[in-house]
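Protein chains: 2
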Amino acid sequence: MKKWRRSARLVDMTRLLIQEPHKLIPLGTFAERYGTAKSSISEDLDIIHEVLEAQGAGALETVSGAAGGVRFIPRMSRAQTEGVLRDLCGRLADPDRILPGGYLYLSDLLGDPALIREIGRIFATLFAEERIDAVVTVETKGIPLAYATATHLGTSVAIVRRDSRVTEGSVVTINAVSGSSRRIRTFSLARRSLKEGSRVLIVDDFMKAGGTVRGMVDLLAEFRAEVAGVCVMVESPARERLVDDYFSLAKVDEIDVKSRTIAVSFGNLFAKGVGFQ
Amino acid sequence: MKKWRRSARLVDMTRLLIQEPHKLIPLGTFAERYGTAKSSISEDLDIIHEVLEAQGAGALETVSGAAGGVRFIPRMSRAQTEGVLRDLCGRLADPDRILPGGYLYLSDLLGDPALIREIGRIFATLFAEERIDAVVTVETKGIPLAYATATHLGTSVAIVRRDSRVTEGSVVTINAVSGSSRRIRTFSLARRSLKEGSRVLIVDDFMKAGGTVRGMVDLLAEFRAEVAGVCVMVESPARERLVDDYFSLAKVDEIDVKSRTIAVSFGNLFAKGVGFQ
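Respectively, the protein sequence lines represent chains A and B. If you count the first sequence from 1, position 146 lands on 680 in this note's numbering, and the numbers rise without skipping. If you count the second sequence from 1, position 245 lands on 779 in this note's numbering, and the numbers rise without skipping.
Honestly, I wouldn't trust all of these hints.
Taking lysine-lysine and the BS3-like style, the derived pairs with C-alpha atoms no more than 30 Å apart in a straight line are [as the list claims (entries may be wrong)]:
| # | chain 1 | residue 1 | chain 2 | residue 2 |
| --- | --- | --- | --- | --- |
| 1 | B | 742 | B | 792 |
| 2 | A | 537 | B | 537 |
| 3 | A | 557 | B | 785 |
| 4 | B | 785 | A | 729 |
| 5 | B | 557 | A | 557 |
| 6 | B | 792 | A | 729 |
| 7 | A | 806 | A | 742 |
| 8 | B | 557 | A | 785 |
| 9 | A | 557 | A | 572 |
| 10 | B | 537 | A | 572 |
| 11 | B | 572 | A | 537 |
| 12 | B | 536 | B | 557 |
| 13 | B | 729 | A | 792 |
| 14 | A | 785 | B | 729 |
| 15 | A | 785 | A | 806 |
Calculated directly from the structure, the hints in this document are not laboratory data. These figures come from a predicted structure and were not determined experimentally.
Generate coordinates for the entire structure from the input sequences, incorporating the hints supplied.
As structure tokens, then:
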């Protein structure tokens, strides 16, 4: 086997670790791959860890023992997070976003994988220290955010559906009253998509009164799941809020259809202040 | 500004390039970040490029000129792709997947971000040499695959919906007859979610007769979009196929409900054979 130079090893190890967050890679796998002693691999990992930490990009976590190895825990620094939030708020304030009826067009933001990836990384940073078994969202718009978050947490995704499908097998269904429009809505989750007793993180794109999140929380109770937290991209003011404890990245305070202006500010992320360096 | 050592630079540059596929980073940005001459940066990039190419993980592409820079084009090697396909086929053959009525439960696979990411990388490898402006899918199950593919292609995502929503603004809607059940189904796409004349890649989780893909193709014609290709995770035999040209990763040949067996084989990916080293 060809012996690798340190420079080449550093590039390859960084790539392998970063491409699969939370995946445990045994030191022996690296030693074999590069034809190098484990002591050299450890030195390489120290270099990688130092750079990641210094840049606020995450950390390498070493697990010792026979089933041990090293894994990458992604994070986003406070400075970088502020940059993402400023960009998001700037884009949200674009008056072309106003739709008839005072609704906001968000599909361009949700259709931008680079933005979604960064938001997922922010949500994952908030819960990096906690055990999360699954990220849960409701179809359709929350799905990309849920995957981006789950990728950075190394967990699976379970998608709550508005109707039950024949391709989902046995499902649990509840009916809930929506927060703003007082309509009855159905929430379904396939039995096998979530283990009983899971600790879950709820992710969604938009929250007003919180009826959708509340519906998910009630449905998750049927799975004896513990809700570790709720993360939304955008919140908007509501007379009565059905969910008290949540993180939001941006807040759309007012949409003035006549003057075509949107008042946007940062969400409660930094005010709640957990998990940022 | 602190001058970085080459080892630290290599780790940081690899991270920045790999985390945002297709994003063009000017050499000056690196030179400034590391307090280093552009010539050293070029040497670093050569090392990174060599390692990526040797591992079949992609390449660095340099764009010269004032608006130039370097970007990461991800790929997956044929050997790695075979590994992903073997894993996928193995998981598909699990008899616990059989649902009443002979349907297949796929949500566990679609809920696994690591698998989805790898599949997105395979789809992106097939179209790495082509201009793709957007990845298009239909809600709900194709969404994660579309995002994973778009991430690796550096494009946006447009999601076709089964009903039109007030939060999407002006939409284009068509009605189409489904391939297998001969029911009429509606396909809608927000006007602003796709520029006229875009070159798009269609991605979906499952294809039988191809009625869903056909519906998307017909809808996309209304946007004067050019369909560059169709990629599905799983195909299953159909008496009559409404789509001729597509890539599939796996093929479910037969589901025997009585003996509880599923016959699975590789899809047509390697038979069509484009883009793999």
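Status of the hints after comparison with the structure:
A distance of roughly 21 Å separates the Cα atoms of residue 742/B and residue 792/B; the hinted pair therefore holds under the 30 Å criterion. This hinted pair checks out: residue 537/A and residue 537/B have alpha carbons roughly 29 Å apart, not beyond 30 Å. For the proposed pair residue 557/A and residue 785/B, the alpha carbon gap of about 28 Å is at most 30 Å, so the pair holds. For the given pair, residue 785/B sits about 28 Å from residue 729/A by alpha-carbon distance, which is consistent with the 30 Å threshold.
For a cut-off of 30 Å, the pair hint linking residue 557/B to residue 557/A stands: about 25 Å separates their Cα positions. For the hint pairing residue 792/B with residue 729/A, the CA-to-CA distance comes to about 27 Å; that is within 30 Å, so the pair holds. This hinted pair checks out: residue 806/A and residue 742/A have alpha carbons roughly 19 Å apart, not beyond 30 Å. With a C-alpha separation of about 28 Å, the suggested pairing of residue 557/B with residue 785/A holds against the 30 Å cut-off.
Simply put, residue 557/A and residue 572/A have alpha-carbon atoms about 19 Å apart, close enough for the 30 Å limit, and the pair holds. Of the pairs offered as hints, the one joining residue 537/B and residue 572/A holds, with about 29 Å between alpha carbons and a cut-off of 30 Å not exceeded. Only pairs whose Cα atoms come within 30 Å are accepted, and residue 572/B paired with residue 537/A is accepted, the gap being roughly 29 Å. The suggested pairing of residue 536/B with residue 557/B holds, with an alpha-carbon distance near 26 Å, which does not exceed 30 Å.
Proposed proximity of residue 729/B and residue 792/A is supported: the alpha carbons are some 27 Å apart, at most 30 Å. Using a Cα cut-off of 30 Å, the hinted pair residue 785/A and residue 729/B holds, with the two alpha carbons roughly 28 Å apart. Between the alpha carbons of residue 785/A and residue 806/A the distance comes to roughly 14 Å, so the proposed pair stays at or under 30 Å and holds.
The earlier numbered hints are all upheld by this structure, with none contradicted.
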